[in-house]
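**Q** Could you put together the complete structure from these sequences and hints?
If you're matching them up, the sequences are chains A and B in order.
Under this note's numbering, residues 1 to 73 are what the first sequence spells out, in order.
Under this note's numbering, residues 1 to 147 are what the second sequence spells out, in order.
One should not assume that every hint holds.
[Said to hold, decoys possible] Facing chain B, a subset of chain A residues (Cβ under 8 Å, in silico): (1) Gly8; (2) Leu29; (3) Leu39; (4) Gln40; (5) Asn41; (6) Val44; (7) Ala45; (8) Leu54; (9) Ala57; (10) Cys71.
[Claimed, not checked] Here are the simulated BS3-like pairs of lysine-lysine, each with C-alpha atoms no more than 30 Å apart in a straight line: (11) Lys12(B) / Lys112(B); (12) Lys138(B) / Lys59(A); (13) Lys63(A) / Lys12(B); (14) Lys112(B) / Lys12(A); (15) Lys138(B) / Lys12(A); (16) Lys63(A) / Lys64(B).
It should be emphasised that the hints constitute simulated quantities derived from the structure, not laboratory data.
From a predicted model like this one, the values you see are computed outputs, not experimental measurements.
Glycine residues also receive a C-beta, built at the ideal position from the N, C-alpha and C atoms.
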Amino acid sequence: MIRVEFLGPIQKAPLELDIDNLNQLRSILQKDEELQEWLQNSAVALNDTLVSSLDVALKDGDKVSLLPPVCGG
Amino acid sequence: MYLYDGALDVPKILKQWYDSERDSNYGAYIPFVGTVRSEDNISGLSFDIYEPILESWFKSWQEKAKLRGAIIKMAHSRGDVMLHESSYIAAVFSPKRRVALEFIDEFVEDFKASAPIWKYDLIEGERVYAKDRSTAIKGSGLLGGQS
Numbered sequence: 001m002i003r004v005e006f007l008g009p010i011q012k013a014p015l016e017l018d019i020d021n022l023n024q025l026r027s028i029l030q031k032d033e034e035l036q037e038w039l040q041n042s043a044v045a046l047n048d049t050l051v052s053s054l055d056v057a058l059k060d061g062d063k064v065s066l067l068p069p070v071c072g073g
Numbered sequence: 001m002y003l004y005d006g007a008l009d010v011p012k013i014l015k016q017w018y019d020s021e022r023d024s025n026y027g028a029y030i031p032f033v034g035t036v037r038s039e040d041n042i043s044g045l046s047f048d049i050y051e052p053i054l055e056s057w058f059k060s061w062q063e064k065a066k067l068r069g070a071i072i073k074m075a076h077s078r079g080d081v082m083l084h085e086s087s088y089i090a091a092v093f094s095p096k097r098r099v100a101l102e103f104i105d106e107f108v109e110d111f112k113a114s115a116p117i118w119k120y121d122l123i124e125g126e127r128v129y130a131k132d133r134s135t136a137i138k139g140s141g142l143l144g145g146q147s
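**A** In structure tokens:
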């Protein structure tokens with residue numbers, strides 16, 4: 001299973017999904033109306049490292065995080 | 001990197017950092033302190049932090065500092081910080097002032113654009129995401145668009 005976490009202001013509980021890659025995750029998340037804007041402006045991390053492409057294979061136990069726009073300080 | 005619940009004790013932290021490096025032969029110590037200002041009827045700000053990625057981001061800046069013979073320190077608040085309290089301190093120590101002046105500018109700019117910290121206005125007891133002041137991390141939107 002892949003754990004998907006929504007960070008900061010995205011008010012959504014984590015998901016546990018049986019998927020193999022980030023393209024599958026994109027298809028699943030795009031069906032959620034409330035996530036549409038967040039998908040457009042969030043960065044994606046796999047196991048706490050930011051990714052720059054969807055061509056990434058996922059394996060059991062991986063963690064994917066969505067990071068919406070930031071403002072520290 | 002130091003994270004605290006609530007407002008930072010600015011004099012204490014600046015003194016701790018000063019004391020820790022006073023004998024390290026750095027000629028310059030340049031701190032930046034971020035303080036919550038009164039605007040738009042807020043009573044304060046509140047922060048969420050995602051620590052694993054913040055730590056790796058900060059580590060990359062420590063390595064950049066080292067290449068220039070400098071060191072970087074940072075403190076940030078978690079949770080609520082009220083008006084005129086401080087939520088952020090960054091500081092650079094370097095042998096000469098020019099490196100520290102330039103480095104603190106580069107560091108704080110990238111901090112604003114990349115550090116995984118989310119800011120909320122505190123308005124009548126509610127946390128309101130500071131969406132308009134937030135910046136999408138470079139490379140955002142991978143999961144958006146058309147399949």
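**Q** All hints are to be evaluated individually against the structure, with a verdict given for each.
**A** Now for the hints, and whether the structure bears them out:
1. Gly8: holds (3 Å)
2. Leu29: Cβ of Leu29(A) sits 6 Å from chain B, so the hint holds.
3. Leu39: Holds - the Cβ of Leu39(A) comes within 8 Å of chain B, reaching about 4 Å at its closest.
4. Gln40: holds (4 Å)
5. Asn41: holds (5 Å)
6. Val44: holds (5 Å)
7. Ala45: holds (6 Å)
8. Leu54: Since chain B brings a Cβ to about 6 Å from Leu54(A), closer than 8 Å, the hint holds.
9. Ala57: With Cβ-Cβ at 15 Å, over 8 Å, it is violated.
10. Cys71: Hint on Cys71(A): holds, closest Cβ of chain B at ~4 Å, below 8 Å.
11. Lys12(B) / Lys112(B): holds (24 Å)
12. Lys138(B) / Lys59(A): holds (25 Å)
13. Lys63(A) / Lys12(B): Given pair Lys63(A), Lys12(B) is violated - Cα atoms ~38 Å apart, limit 30 Å.
14. Lys112(B) / Lys12(A): holds (24 Å)
15. Lys138(B) / Lys12(A): holds (23 Å)
16. Lys63(A) / Lys64(B): Within the cut-off at roughly 28 Å; holds.
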